[in-house]
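Make one complex out of these two single chains by using the hints.
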Amino acid sequence: MQELSKQLTERFPFLSARPSADHPAVNCPQDNVLELLRTLRDEDGYQMLMDVTAIDHYEASPRFEVVYHLFHLERGGYLRIATPCEGDSNPICQSVTELWPAADWHERETYDMFGISFRGHPDLRRILMWDEYPFYPLRKEFPLAGEEVELPAPDFVEQTGGVRVEKAPMMGGPFHSGQKGPMSAREPRADDESWTEVKKRGSDLEGEDDKPREFRPTRT
Amino acid sequence: MSISKEYGYNSKVEGEVIVSRADAVINWVRRHSVWPMPMGLACCAIELMGVGGSRFDISRFGMEVMRFSPRQSDCMIVAGTVTYKMAEVVRRIYDQMAEPKWVVAMGACASTGGMYRSYAVLQGVDRIVPVDVYISGCPPRPEALLDGMMKLQEKIKNEHSTRSLMRGRESRELSYKD
Ligand code: SF4
Chain A
1 MQELSKQLTE RFPFLSARPS ADHPAVNCPQ DNVLELLRTL RDEDGYQMLM
51 DVTAIDHYEA SPRFEVVYHL FHLERGGYLR IATPCEGDSN PICQSVTELW
101 PAADWHERET YDMFGISFRG HPDLRRILMW DEYPFYPLRK EFPLAGEEVE
151 LPAPDFVEQT GGVRVEKAPM MGGPFHSGQK GPMSAREPRA DDESWTEVKK
201 RGSDLEGEDD KPREFRPTRT
Chain B
1 MSISKEYGYN SKVEGEVIVS RADAVINWVR RHSVWPMPMG LACCAIELMG
51 VGGSRFDISR FGMEVMRFSP RQSDCMIVAG TVTYKMAEVV RRIYDQMAEP
101 KWVVAMGACA STGGMYRSYA VLQGVDRIVP VDVYISGCPP RPEALLDGMM
151 KLQEKIKNEH STRSLMRGRE SRELSYKD
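Just so you know, the protein sequences line up as chains A and B, in that order.
Take the first sequence: its position 168, counted from the start at 1, is 168 in my numbering, and no numbers get skipped.
Take the second sequence: its position 14, counted from the start at 1, is 14 in my numbering, and no numbers get skipped.
Next comes chain B alone, as it looks inside the complex (with noise of 0.2 Å):
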């Protein structure tokens, strides 16, 4: 009698039905279909830009449809210098954005103010919203950018998304800390 060794799907043993986890799936959909909130606010955006022309072509990885209305779109790419004054902008429209969402910080300036060490710029913005991914560079290459946003699928992927579909997702700290 042989043992049968194949773990994966055999339609001989389950027919059509699929045996998974919730959160396997959930994820599985959501980090195949980020929708990106393009928060364009200094040199960086034109990167971005690159990284969503045919050249670099981030619809490989599902991210192509960017939305500039925060009601459509659940990741916010932070690219380019925030300033205190458009500050509060970037958190409401952060906060306009419908769970789940994730923040990447692009650039130096976003992640920490980059070579703007002055009175009118904002230190690095995850002081007012809580970032995932921080990507160095100043601009990052579009490969940056992408290998960024691979990151975030990684994170997705493990995110315990049933937990927070039943109980709400927990709104996250901001990563800053003094």
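Bound conformation, chain A alone (with noise of 0.2 Å):
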């Protein structure tokens, strides 16, 4: 796994390794990413563009990472290769649709969901939400339960009295089921049932609730 990373990067000089737990993973500079997809496909039989997604570093910059994974058709096996994108709050990157037309929907998934405007799209729209969603669901500052939207069809929300998006009761949640044990301990759980929207939490974690979990202190 390594040897196929070090390969790479000492035939790309541009190219640095990757920590990875499963896949060969380098990263590469924005502006030969195309270069070297291209030549990936070409010449070494990484024909298939099997994902690209990213990455949101929150406090870091750059803060947003492209992710593609590609997999070698006759050897099996994947590859996964790590872009930065120009820009913290309007990132842009470089598109791959030219090189593989199954990116078109990635790219756009990965647009709707953490606003990366992806250069060279052919038709770069919102793909899960709609196209009036103000925000972009995936960044870390996007809270789970949502935020208050107007939706988008006016006779819709009339005739409902006034639908809209409301926050999510989260009741203690995300919720997760466990892995192990018999199924019936294996049914979605709430990770904190000591709180629900009505009860709330200690006041450990008054004020720190905007921000996103992973960056909140734990609680002993």
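Since the hints were made in silico from the structure, they are not lab data.
C-beta atoms are modelled at their ideal positions from N, C-alpha and C, and glycine is treated no differently.
Be aware that one or more of the hints could be misleading.
Selected chain B positions facing chain A (in silico; Cβ < 7 Å) [said to hold, decoys possible]:
#1 Arg30
#2 Arg91
#3 Met115
#4 Asp147
#5 Lys151
Distance windows between CB atoms, simulated [what the hints assert, rightly or not]:
#6 A:Phe12 - B:Ser136: 54 to 64 Å
#7 B:Ser136 - A:Arg11: 16 to 26 Å
#8 A:Gly161 - B:Val89: 17 to 27 Å
#9 A:Glu148 - B:Val89: 47 to 57 Å
#10 A:Gly45 - B:Arg60: 37 to 47 Å
#11 A:Trp130 - B:Arg141: 32 to 42 Å
#12 B:Arg21 - A:Gly162: 34 to 44 Å
#13 A:Pro188 - B:Arg60: 28 to 38 Å
#14 A:Trp105 - B:Trp28: 45 to 55 Å
#15 B:Val89 - A:Arg125: 14 to 24 Å
#16 A:Arg11 - B:Val89: 16 to 26 Å
#17 B:Phe68 - A:Glu10: 38 to 48 Å
#18 B:Arg71 - A:Trp105: 32 to 42 Å
#19 B:Phe68 - A:Met48: 32 to 42 Å
Encoded structure:
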């Protein structure tokens, strides 16, 4: 696994190895990413683009990284390539739709969830949320419960007496199912059942609620 | 002289006439020919298909004629997770159904949003359409759906159908209240 990323970093001097627990992985600067992916596709047999997604590093800069997973059709095996985006509040990344038409929807989803604009994308629209939705839900500052928003269709809103997007009641959630034990113990449960929307959390978390979960102080 | 204790239909007395109330007849017809509109949106729809199959056999209750056109159906079974993006569509389809019509919220998601406490999921379909029967479970067993549909039949049985035939069925309020 390390061998492959080592070979690649030797062959392409602009690459650096990326820590990884599973597949070989490299970091690539934004300017070289198209050239690198083209070479990997045409010369190295990584013909299939399995996934395009992104990572939000929140307080770090560059804040967003776009991650590609390539698959080798003959040998099997994945290769992960990560590239930082230009700009932290309005991130931009090079589109790879010219190499793989399949990247179209992957990049639309990444745009929808993270707000990363892909330069050269033929039709960059939201794909999961509706077009007027003002937030990017997978950014770290976006709360899991969501934000209050008006829904787009006026006739529908009128008929339903003004239904709108409301913050979902978390009731101690998010909900996870335990991975161990008998089926009965594996049904989804709230992370922290000590609080609900009515019964508030302890005072040690006051004022910290607007931070992303993993950046809040842990309770003892 | 004996007094007749029979209250049922007596052909010797009544000939070929049956006396009843219009409501009873109309409701009897309606509740035994519910045409469901399968609004299958997520995993619950699989159980809904199971109910339509031979093993659970929803046709025992006269509801096997599932129609994918709102114009031809009168009971929308919302089976699955309703996202905000889909909510608009669900309501439009409900509006396109002809009166009389009923709505069954099948499963935790349709009833309350279920385990999806998230930015994208409508927290209960009763915020956009008037729901008659809620069925718990994730997913509900096919028997639970059948039980819910029988509850719906009970409900139809007690409706004032004649009055609404004359005056038009009053448009019902959403059951969700803040
Ligand atoms: S209630 Fe459960 S089974 Fe039904 S749609 Fe929701 S998650 Fe799926």
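message = Which constraints among the numbered hints does this structure fail? Numbers only, ascending.
response = Hints 1, 4, 5, 7, 9, 10, 16 and 17 not satisfied by this model.
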